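Engineer: Sequence:
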Amino acid sequence: MHIIISIILFSQLIACAGKEQETVTQSIKAQHIRLDSIPLFIVGTYLQDNTSITMQDIAKGIRSGSIAITADLQDYVQSTWNIKRAHIQSLQTWNDRSRTSLMLISIDSLSNRFLPLQIDSIDYFSNPTRYPLIIPSQHAFSFERDVTTYLHTGVTALTRSTGLYLDRHSIENYIQHIKPYFQKPELIHISNEVSIDDSCTYAGMRLSFLTKTKHLEVLKALRANIIELTGNHNLDRGISPYLKALNWYTKHDMRYFGGGANPREANTPLILTLKDSTRIAWIGFNERCPLGECADNGPGANRYSEDKAKRLIDSLKRIGINTIIACVQFSEVDGYIPHQAQMNISKRLIELGADILIGSQAHVVQEIGMHKGKMLFYGAGNFLFDQTYKPDVRRAFFLQCAFYKGRLIQTKPIYTFMRMSKEPDIATPQERMLIRSAILKEENF
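The numbering used here applies: residue 695 is where the sequence shown begins, and numbers increase by one.
Calculated from the structure, these hints are not laboratory results. Here the structure is a predicted model, which is why all the values come from computation and not from measurement. Errors might be hidden in some of the hints.
To be verified - Distance condition first, Cα-Cα at most 27 Å in a straight line; then the derived DSSO-like pairs of lysine-lysine: (1) K938 <-> K1004; (2) K1084 <-> K1135; (3) K969 <-> K938; (4) K908 <-> K873; (5) K1066 <-> K1041; (6) K908 <-> K969; (7) K1135 <-> K1106; (8) K1011 <-> K908; (9) K945 <-> K914; (10) K945 <-> K1004; (11) K1066 <-> K1116; (12) K908 <-> K878; (13) K1135 <-> K1099; (14) K873 <-> K1041; (15) K1106 <-> K1011; (16) K1099 <-> K1041; (17) K908 <-> K938; (18) K754 <-> K778.
Build the full structure now, drawing on both the sequences and the hints.
Structural biologist: Quick look at the structure:
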């Protein structure tokens, strides 16, 4: 069905004479109707501000040379659009700092250094059945079988004013603006910084945090199944609330990493086998443990050291882990620019073999960059937290991700803005522009 729909759309938009267009369409049907279909993508850089393109503009762009293609798509472009001299772009020479470059590539060439555009306002990873740009493939492919979707979020602490909100309002009301993004992904990450004491009082709570069991139901409502425990506040009120939270995660089939009941568990990576049998690992660290929250002799977060990180990453490489996601609770900075130690550790983790670095500490969303072709997200900002005292702490993003053949092929930021009522919401176009201008700098790519 995908093949037929795709061919019909192409036949409406090809800029050729009617009979020639009909012949091309019939030829594609005759040659490829029995083969599986794979998606093609129009991709740009993280600095590229366009989010969508039409099928008609794709054909025009390839014909004019403003949209490049990879070499493996030459025959397809010629047979479909009758374009014989398309601009061929090598992935190795792609300019990650360009704000205008676009390229047509297949899912087999896609990696998360690129950002795919929606086509006719349809995002492939959210709505693969309606996505229009699909071509016959020589190898078997199924979105349901071969692609795993994943969301990665920023700081969560359901306490203080957020707890008071949840005492007065329903969970559904609290997450209503973001919930649609959490309905389909198979893996959903939450970095939770608060442990459980049902007798706690939110009023007057300042820098020593707790939450109530009933309010952790927010995580269930968002379908969370991966919990990061690198945060600073999980041991604010001692060991008992922390262990109670660990038991709650286990009871609700939420796997955790970056912290644990003892030092060994805290340093144990979370390894998941995806539906295509590839394996992904999450590792987590706390850079400085400023509140005594690290598991040096008991429960808590996993203290960072380069030697520990190297041994952990080496062990994962030896057992054939396909992708390693490194998460670090860095020491905080009240600004968009990461501090020098943060940048050094991030880049060093990539050099040691991590495939992506995501900072977990930022209350102010931080810059995005790249090192040796791997993405660096220095800080995603507040996801579920009560800070609204200035615009900087209300701005954030979560990452819409996808795995294919053991690779991260998408880490798309979905920009958010916390309402004064404490409800997380998707950023308006104006707020999205302000966030992007603050965290996307050419020199970081």
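Engineer: For each hint, tell me whether it holds in the structure or not.
Structural biologist: For each hint, the structure was consulted:
no. : hint            : in the structure
1   : K938 <-> K1004  : violated, 31 Å
2   : K1084 <-> K1135 : holds, 22 Å
3   : K969 <-> K938   : violated, 31 Å
4   : K908 <-> K873   : holds, 18 Å
5   : K1066 <-> K1041 : holds, 9 Å
6   : K908 <-> K969   : violated, 32 Å
7   : K1135 <-> K1106 : holds, 16 Å
8   : K1011 <-> K908  : violated, 40 Å
9   : K945 <-> K914   : holds, 11 Å
10  : K945 <-> K1004  : violated, 32 Å
11  : K1066 <-> K1116 : violated, 38 Å
12  : K908 <-> K878   : holds, 24 Å
13  : K1135 <-> K1099 : violated, 30 Å
14  : K873 <-> K1041  : violated, 33 Å
15  : K1106 <-> K1011 : holds, 26 Å
16  : K1099 <-> K1041 : holds, 25 Å
17  : K908 <-> K938   : holds, 13 Å
18  : K754 <-> K778   : holds, 13 Å
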